[in-house]
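In order, the protein sequences belong to chains A and B. Using the UniProt record's numbering, the first residue of the first sequence is number 1, and each one after it goes up by one. Using the UniProt record's numbering, the first residue of the second sequence is number 1, and each one after it goes up by one.
No lab work stands behind these hints, which were simulated from the structure alone. Please note that a few of the clues may not be correct.
Unchecked claim - Within a straight-line C-alpha distance of at most 20 Å, the following computed SDA-like cross-link-like pairs (lysine to any residue) qualify: (1) Lys1064(A) / Val314(B); (2) Lys639(A) / Thr597(A); (3) Lys1065(A) / Gln29(B); (4) Lys101(B) / Ile60(B).
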Amino acid sequence: HFYPLVRDLLHCAGEENWVDSRTIYVGHKEPPPGAEAYILQRHPDNRIVSSKYTFWNFIPKNLFEQFRRIANFYFLIIFLVQLIIDTPTSPVTSGLPLFFVITVTAIKQGYEDWLRHKADNAMNQCPVHFIQHGKLVRKQSRKLRVGDIVMVKEDETFPCDLIFLSSSRGDGTCHVTTASLDGESSHKTHYAVQDTKGFHTEEDIDGLHATIECEQPQPDLYKFVGRINVYNDRNDPVVRPLGSENLLLRGATLKNTEKIFGVAIYTGMETKMALNYQSKSQKRSAVEKSMNVFLIVYLCILISKALINTVLKYVWQSEPFRDEPWYNQKTESERQRNLFLRAFTDFLAFMVLFNYIIPVSMYVTVEMQKFLGSYFITWDEEMFDEDTGEGPLVNTSDLNEELGQVEYIFTDKTGTLTENNMEFKECCIEGHVYVPHAICNGQVLPGASGIDMIDSSPGTSAREREELFFRALCLCHTIQVKDDDDVDGPRKSPDSGKSCTYISSSPDEVALVEVVTGLPGEISTMVSILAFLFLFLYKREIYLFCKGADSSIFPRVIEGKVDQIRARVERNAVEGLRTLCVAYKRLNPEEYEGICTLLQAAKVALQDREKKLAEAYEQIEKDLVLLGATAVEDRLQEKAADTIEALQKAGIKVWVLTGDKMETAAATCYACKLFRRNTQLLELTTKKIEEQSLHDVLFELSKTVLRHSGSLTRDNFSGLSADMQDYGLIIDGAALSLIMKPREDGSCGNYRELFLEICRNCSAVLCCRMAPLQKAQIVKLIKLSKEHPITLAIGDGANDVSMILEAHVGIGVIGKEGRQAARNSDYAVPKFKHLKKMLLVHGHFYYIRISELVQYFFYKNVCFIFPQFLYQFFCGFSQQTLYDTAYLTLYNISFTSLPILLYSLMEQHVSIDTLRRDPSLYRDIAKNALLRWRVFIYWTFLGVFDALVFFFGAYFMFENTTVTSNGQIFGNWTFGTLVFTVMVFTVTLKLALDTHYWTWINHFVIWGSLLFYIVFSLLWGGIIWPFLNYQRMYYVFIQMLSSGPAWLVIILLITVSLLPDVLKKVLCRQLWPSATERVQVQAGPRGRVSSGFGRAVTCAERPPWLTNSSRCHSELPRTTLGCSCSQGGHTPSPLTPRSRGGAEPS
Amino acid sequence: MKRISEDYQSRLPDNTALKQQQLPAYRLQLSATGVLSGFFAAGAFCLGMGIILILSAKSIKEIEVKYTKICANCAELREDATNFDKECTCSIPFYLSETMKGNVYMYYKLYGFYQNLYQYILSRSNSQLLGTDLKDVGNCAPFSNSHDGTPIAPCGAIANSIFNDTIILSYNLNSSIPIEVPMLKSKITWWTDKYVKFQNPSSINLSSAFAGTTKPPYWSKPVYELDEEDPGNNGFLNDDFIVWMRTAAFPTFKKLYRRLNRIQYFIEGLPAGNYSLLIFDFPVTRFKGEKSVVLSTLTWSGGSSLFLGLAYTVTGAVTWLAAFSMMAIHLMLKKKKMLFIQD
């Protein structure tokens, strides 16, 4: 009597707009005539293509993609210009490095693509069993088509998305793990279609005559609607609903089941796995962005240099005796060339002459620095977690230095701040509180009833309630028992006869069940699962149990000791415990029938199934009787509080984003010192907004906050703001969505701005009741606010992935809730506490290293090219180079490359211990401090100054003095070599002066490259090289060194060019020392306190006007402005994941 | 359990100093005493050096005689191509007030002659100058071949524009008979240039070696007749030619022309007195520059310019100034700090 009803319902559903659907003919069998029109639909085959290139298009496509990068394109243009026009520099000088960069990148990308091809092939060619004419056939996976019936054995991966028809297990279920899909390693149960679960053999299944209608492929892994029409002998087909519990996804693995049969519905690139194959968007660091800006500045300098020289050349040449002096006549063809063409060629030639100012080698060095530098994170022993045997992971090395720039941290609570290791603390039944030792195997031990809330001792009715309560805990869960006996030998211990593991996606449930029962057998007697209401047939009576968060249970309760339990729940929540409430309802058979009908109707709906189900649950779950509540503790991770405190001292704002309820989350925040005792809490919650309008609440809060902000901004930079009145904001998901929602009149930005203003003035923000997408929304909101702060998101679960992908830096905690967060993150750490070293030590180092690298590179190339520019004024703008080609080529490649690379890998301006001990040093580099315009201009001017010194020092020397002591004369190449020698030494020594951390490697590399320069020059000038058609450098270097005045001028010029920088450094340290410099001085060369510069004001010797301000704020009372614990509707709490179970009640 | 521990071991990072960024290192710190003493030392060195250099430069005697204007007539005469082989000399008298002791070097100095033009520097043939391939004139445009196509030796713009003034210095001992001052033309080039970089083509005699080539258009004599007095100083091995071929870095430059042969009257150097320069001319008005002759003695620190000495002195002074001001600031801050502690 039940099915016709369903069918009617289905027919109604069929009338709904059913456009985007596909019909699948199981086993490619046409439906019986008259039932439906047989329309053949075309679907792609089961080939997976994740590779980017093919063998043929690799070279053009890869080159095209590489030259889309502006830098590569620029170098290509320069190279081509050098090839085409007659320029003073050889095309090899810029072609070779470019070729190197392009080739290395192409090889890397080609290798990665080859790996993808291999993986694709392995996947596409792996054999699949499927049924053809009642027989089992093996074929390659890629030949699978929609409608084929497939057999999958245990531990095999499903080759495509299948509708589960039958399994070897009698009850038509199978277990799968979706570890490679969403990271959850738990076993999930799937259910075969009711009418086909009896077909166990190939012949049986071949006899199946059915069609499936379902939606077109969608990326959502957990959503699927469809229906199956099974044609029996009668013409009337049986219609069954299909949900995601019937769908087996490609990528999932079959477990604990010998074999299953299924029919392919989505294949190849249409499977849900392929649709979820999202490529991570490229993140770029702030340093890279400023580097690009600097590049543009240098490009402008380059172009203007070339323009100036071109214009001056033609002005200078306006007199004919200069245009073509008698000793330097032009050839006939040169005379006849068009003036404009000549000018343009000259412009290009100047561009080429000065192009070294933007060196290719900088890109190579930066890439190498990032790649090699990232190993320091993976190698770090302190970040290795011995419990789990996991070390940190680096998924991208592009963002190393961004770790030193973080201003906002968004952290998940469960599993990140807390252990996600649930421990049952107590339960409260009917107002009586029980603690774990009083509970054994589901029975409250007599005489050990713990703390009583009310005086009356439990009577018989209470006994019954207790039993019901534990019964509910035993039944209301999604736990599976995994018998260890099944697992292969080595881990099995001989004496564990009954050893078993509980597997569940919710750790709370494991904790509860482990307490309640020691017998796994009892769990397997579970009768029914219907979302988070559980029906149970008990003593011939039907009970409906309901377990959930207090906010969703209390509104539905009509009976029971509501007030006492509520008080207890709230107390537990404040202590940071996770609470769950249990309620029940007794049903009579008629009610039960009604419920079944209602649910079935909702479950077969094709459209809006979710909504209809929610409505059905709403109807069923009312008038409940409250039984009691449980409290589970999720312990804080070790050193979480210490870490948060350090991060806050470092000037980083820490936000906690959690799905938990407000009280629990706030308690965790207190426990981990995010909120301190003197923190004034501001609340922006649904309940408050219900009382006042959102507008009023926001304005009131902003007024409270801004009252202090005047004094706040003044002291904020002194690094002492820790002592000030600070605010903590609590906001919940519903209030946030109200703020984010654009208003009708279009002025959407208004509330956001106000909200941001409040957040900016709060030292800590807690966002509770957040949906995963809202987490990403918050991150995006802050990221795009007007200061563009650098954000970091850290989390461990699949629900944190969206925010990890959104933030500038995403960090995954390799946690218990699967590895999905770690996989999608930029960096992964085993524990939250490792974030401290990651940011304060590694991030800090990476930042100072790469900023010095970038600035130094620009500096040394200004030094390199500016003399060349100046020389044009003395050689009639004829594009004569100052240096020999070998020097031009090797300057960036070998003479000055290694010291800076090693510096950028090894430098520690202060020791690791100091950085860890004193988090406030992190503020010194905040806001990209070392790459600000002021610093950049300083470095550029230093480069220009040095270049002027090199050039004019040598110029005056050559102009007025006989350089040798034997009267012989030096030529232009000696002049260039002299300038070059001074330059190589100055530039290297400048780096040596900047190096604070001298290991043997630094010594080796710095002195080694100077030595290399000398040896190279001796060799280069010492031999007549047969492959060169010019010998202009022959003996030039040796002759230069044999002259006394040359030595004198080299020493003088090096001293003069280094002097101002040293002076500036010393004076700045003395007069305006930064915190880092103070610490450096205190540490001293060998750890002792030396009387150095910069000890003017140390932390201990605070001036009196500053010491007054410390600790002058009395602890202001915590103004609790509102409380939100009730929340209407069925907001799923993270404690009770809604599983869409669907077995019929027996 | 074994498998797990092995796995664990392999994943545990190595505890090497390099990987843990714990390499033993010296921390470079700019301590007050270190920086101050460094500055004072550097300043002292520079000051000392500067004074020594100034003194040594002062001891050098140098005299420059410009002759462009005086020889203008000759130049004009030479401009006209028809007067090509007419001899024109001009004589410039000058007075040397002090004796130039020691080795005296004679330079010619050109103003506004751009030997460093890009095309000019390229316009030479190294294989020709090495004597290996006389016909290789590929880089020498526009002075690679004569009108009839014979290759020029030495080819190129540099060789073509060689400085061909002949300068003779005479000493008027007692205002009646001028004595020609004996000069050496050897060792005015780099040794390597003369003996490695420049080679004559091998043959019985030079004229046959250069057969099949022609002289550069501006030259009056072929390359193998450059020095009529010394047959070994001809061809590509001519010292004046080699000196000219080393291109100068700036448009104003001097090149070594002769060394004083210290014999007879000139054993001590050039005595004070009246001298005159006899010059056989070089076309100069066309490039609108100036020419002069420089006579100079030398010391270990080079020529007579004060530049190096002054630069050292100024640097030393500035360094000391900086050092003193740093010391003052340091002491001031120290005093202030003491006050704080007393408070």
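Query raised in the report: Are the Cα positions of lysine 1065(A) and glutamine 29(B) separated by 20 Å at most?
Result: holds, 12 Å
**Report entry** Pair hint outcome, lysine 639(A) versus threonine 597(A) [Cα-Cα no greater than 20 Å]
**Finding:** violated, 53 Å
Query raised in the report: Within 20 Å, alpha carbon to alpha carbon, are lysine 101(B) and isoleucine 60(B)?
Result: holds, 9 Å
Query raised in the report: Taken at face value, is the distance from the CA of valine 314(B) to the CA of lysine 1064(A) at most 20 Å?
Result: OK: lysine 1064(A) and valine 314(B) at ~19 Å, within 20 Å.
Of the numbered hints stated above, the single one contradicted by the structure is hint 2.
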